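A.B. asks: Could you fit the two chains together into a complex? Lean on the hints.
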Amino acid sequence: MLKYQSWKVAWAFFATCMLLLSLQIIYGFIMGFAHMGYDVLHDWIPFNVARATHTNLLVVWLLAGFMGSAYYIIPEESDNELWSLPLAWVQWASLVLVGVVAVIGFHFGWWEGRKFLEIPRPLDYLVVINVLAFLLNIGMTVFTGRRYTTTAITLLAGLVAAALLYLPGMITFDSQVIDSYFRWWVVHLWVEGVWELVMGAILSYLLIKLSGVDREIIEKWLYVIVGLTFLSGILGTGHHYYWIGAPEYWLAVGGFFSALEPLAFLGMALYVVTMARRGGRRHDNSVALYWSVGCGIMSFVGAGFLGFAHTLPQVNIWTHGTLVTAMHGHLAFWGAYAMPNFAMIAYALPEMTGRKLFSGWMPEWAFWLSNIGMICMTGAFAVAGITQVYLERRVGMDFLDVQDAVAVHFFGLILAACLFTIGIGLFIWNFIQYGAVIKRDVEPMREQSPDAAVAK
Amino acid sequence: MLSKSQAKWFFFVATAGFSGVFLWLTVDTIRQVPERSNEDNLTDQVVRGKTIWDEKNCMGCHTILGEGAYYAPELTLAYTRRGEAWLKIFLKDPQAMYPGRRKMIQYDFTDEEIDDVIAFLKWIGEIDTNGFPREPDLAPAAYAAPPAAGASAAAQPAYFSTVCVGCHAVGGVGGVVGPALDGVASRYTEPKLREWLSDPESVKPGTAMPDLNLSSDDLDAVSAYLMTLK
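Chains as they are written, first to last, in this note's numbering: chain A, 1 to 456; chain B, 1 to 230.
Next up, chain B with everything else stripped away, as it sits in the complex (with noise of 0.2 Å):
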């Protein structure tokens, strides 16, 4: 039977012997982080982000590499499946994007703030996980295809298919924010989704559309794709 002295040196040797272990592959790790994480990407503007995200306590209410609470999305992959533009504007006034629902904080960022976070969300979603988070294997078609690859996919712009399909659905795919734009040309003459485009508060006053601020290329395709959906 097992003496105390005997259980007293399997402790000792388990643990020294692990910890040994442990801190070798410590050392290969941080060996083989850098090229991992693109540390080459990892700049002033990074780490500036990521000291926003840590003063804003963002962990507390996100998860990043999975890791922080669970009240509000995953954003390892923000980046990639966002967009900046939409970021840009989602960072300026978070509610607007999603009026009535589960509030994130108002922290009036700077423009210049802003791309910081955005530059570390792009770091973050280029670093090698291992495959997290893993794409959704149960998908039905209307989930698990891209919005870009939906029904009116080769029309549709950049823009359109990055920020728009945020909030709108056109053929069933995309966001339940705001109304579905099937049709939409068949209500509005090209003048009046110009001006809605420009500047939504003053066509409705009070609308939960956030001002875009689109630039006079991004103006013209998307009105001009718009005007396709009749």
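Bound-form chain A, shown alone (with noise of 0.2 Å):
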């Protein structure tokens, strides 16, 4: 039941992610039609404004889940509801209205039309506000809480450097090679750097309370991994300034740690399954803790192996730039960023509002069908990927007569991007199952309701 009267922000922002999730998957359907020929709202959302539109749903509702995971873990793990509440809640309003208007915005071509970080430069200032709000609630929370645990350090410390790490995206320089090496700050370190540390302590969090395996092992490996991570993913940024104008040393550089990269999803794949083996309480919550060892799973195919697979120079140089990257990208993100917010919500939610409807099949096959369907887009965008690299980069084909020849594959897409939608409708619909938590009343700390007790 409800232990924290801040868990019902969190859960607000959970069905933040809910809805904005559900808007990336149609623009995502508007681009794949159009990749196959049929760009009928050409006129009315070109190319170029649901190619930014999908993307930064993406990141806002990534950001949103990592904030409702850090509004619910923080509280119960420094034992201390939120410092203030309505803070958190003007905070939550003031992320919605970013969004929102900068999504808006994008159809009348109000952006910066730099890759991923396509928000105007006066939300960016609002962005910013809304984050230190964000930091200063959850910081104070910790400071001024019974007790300080690594995994809720990791997830501040992570959320910080995220913070820090916006602003070197906020300089404009004329000159394109400075100003796309200093976006990489941002993207880059953002994924493959302090986001794997929120989703580290997620992880960690999740498995702690779902395995029963002991804090201090779990949180030992946790050190580890994050160190992997930072150990090859800092240098690894190398394997953005191949091409665009850096000097010819991050060929090595780029190429030597980035390859180290997919040790660091290996460790958190085999830490997520050695845990979850390990352990000797066995949660009743089997969904939370499927999505918390595919988590572990597609993160290290999607972000490691895949990653990988392009991030060598002597392979980049042919598919940088390609459908190839589209491949890597949706089953890494789906992978490392979508799914411990999904494991997050499958285990917040019976928490949340006492009702155990994680049995049954409706969140069995949402885990399922997604990640089928997930797999299967990655397979269609690695077919028409390669393909486009051979037709184009090596033969010399048009890239228009490429296009036309791989449409096909995006038939297929579309197909698997089908059974994607339908996994994510039944946990939407489950979501909506579980009712809202605004108006629940708190429990009186550590004490257990009568019902709760009867439940287990």
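Don't read these hints as lab results, they were simulated from the structure. Predicted model only: the values in this text are computed from it and were never measured. No residue lacks a Cβ here, since even glycine has one placed at the ideal position from N, Cα and C.
With a Cα cut of at most 25 Å, we get these calculated PhoX-like pairs of lysine-lysine:
1) A/K220 - B/K4
2) B/K88 - B/K103
3) A/K209 - B/K8
4) B/K4 - A/K209
Here are some, though not all, of the chain B residues that point toward chain A, as calculated from beta-carbon distances under 8 Å:
5) K8
6) F22
7) I30
8) D54
9) C58
10) M59
11) I105
12) P136
C.D. replies: See the structure below:
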């Protein structure tokens, strides 16, 4: 049952995730059909609008999920209500507002045109204020709390670093080369650096809860894995610097260190599977464990293995800037950042609502269909991407002729995306079944209500 | 066995150490980029071109230096491969160049804006990119040879080999958007060809052929060349 008043804000963030994800999928379909040749919306939503909306919705819902997770985890880890609940609500409302204004603005050409960081400058400042409010709230909750745990500190460190790394993306440069150089400080060091801290912390928290393995052991390996992440990920940024006009040594530096990046993800996968197996106490929320273990495995396959597949310079010179990148991008973001959010939501909902709706066909099929769908989408992108690399880059066929040749794979992509969408639809339906927690009363601290005791 | 505090130290040392190396390489990169990207040529016009590039979110469809979206062509070497004349006509009315194919937004650029974008693309094309994008290495002769080196290359005027071949083929070399021009001289008289080149719409209303605004020198050169294709 609701142990902390703060969890209501967490629920609002999770609900926001579901909504933005649904919109993201719609824009994905618009692009899939355009690639197939049916760009019927060209005059209203041209491809670059759909693309900016699709990727920015992803960023906003993942961040909303991380924030919701933090608002859920931090109060419990520190055994403390949030420092300021009204501030948390204002922060939630302003994040939603910025997201909505940005997405609508894209449709009227209000953007910056820098990949993944399209949000226009005035909104950037709002994002900064928003994130500062979030960090202040979380930070104060940790420091006024009754205990400090490695999981809480890692989560906080990841979120602070993510906020700091947003700043280099706000400097403008006349040179496309330097512009691109610092844009990757945000994008790469987020997704292959500090976001992994957040992901690692969320998984640790879930494993502690779900597997019953000793906290000391789980947190020790958390340090090792995030250590490996930074060891490989920081200089791994070099794989974005091969061809943008940066010096040639980035080929060696980026190639070597990004070849190590899969190790961090392999470590994460082995860690999750091992801990899940070792647990003496079996939590009955098996679907949350599915998502946690799935996250470990899919992030290794998508981010680690498929990233490695085209990260070496001798491969990347052919594949850079083709659909091969979209292949890696989809499974990487799904495994590494969407799945931990799903895991967290799947774990938190029954805890918050006291309703055990995690058994039965619906949550399980949500897991399987969305994962099978995403794997098939990745396969469709892979076939289209490899064909494109050979025909366009190696044989020298005209770009548009090659696009016609691979259009059929986008039909496959759309079929796979339908499967994926059904899975996500089931997850959202399950989310709705749990009901809202906003009006729910808070239990007195550390006392079980009679009906919760009965449910156990 | 590794203890928790050893694991913690591993994390801090790895992170601090590699962050330090990264910052040092960043300083060196910033030192080298001006020379590698010919920053002396980074004129106001190029910056204006970049502003247009960003404002229109060109990266939302195209890639440049391999970065962007994968819906429209890679443009790092657009200036080198297509040439200024072709780009000018294309940017005026992108859909006219590829009728019925994947659409680019019609931006109604002014001539000055088009020059700015082209200046930006030219500057991009001269950056030392460590060899990206590589020339196709498995290309059959028809694709590999630049159009100018095709069958009747010797006779092709520059305008023809940079602009016209974008859509038309001669001797199997060139684009397929418009009809192949082999034997065109036996189908048209020179005055008719000149009329067609000066104002396609007046000869064939609704044609996909764009108005090229040829200079009189180019008109002479292209029509003289076409008259050799019997």
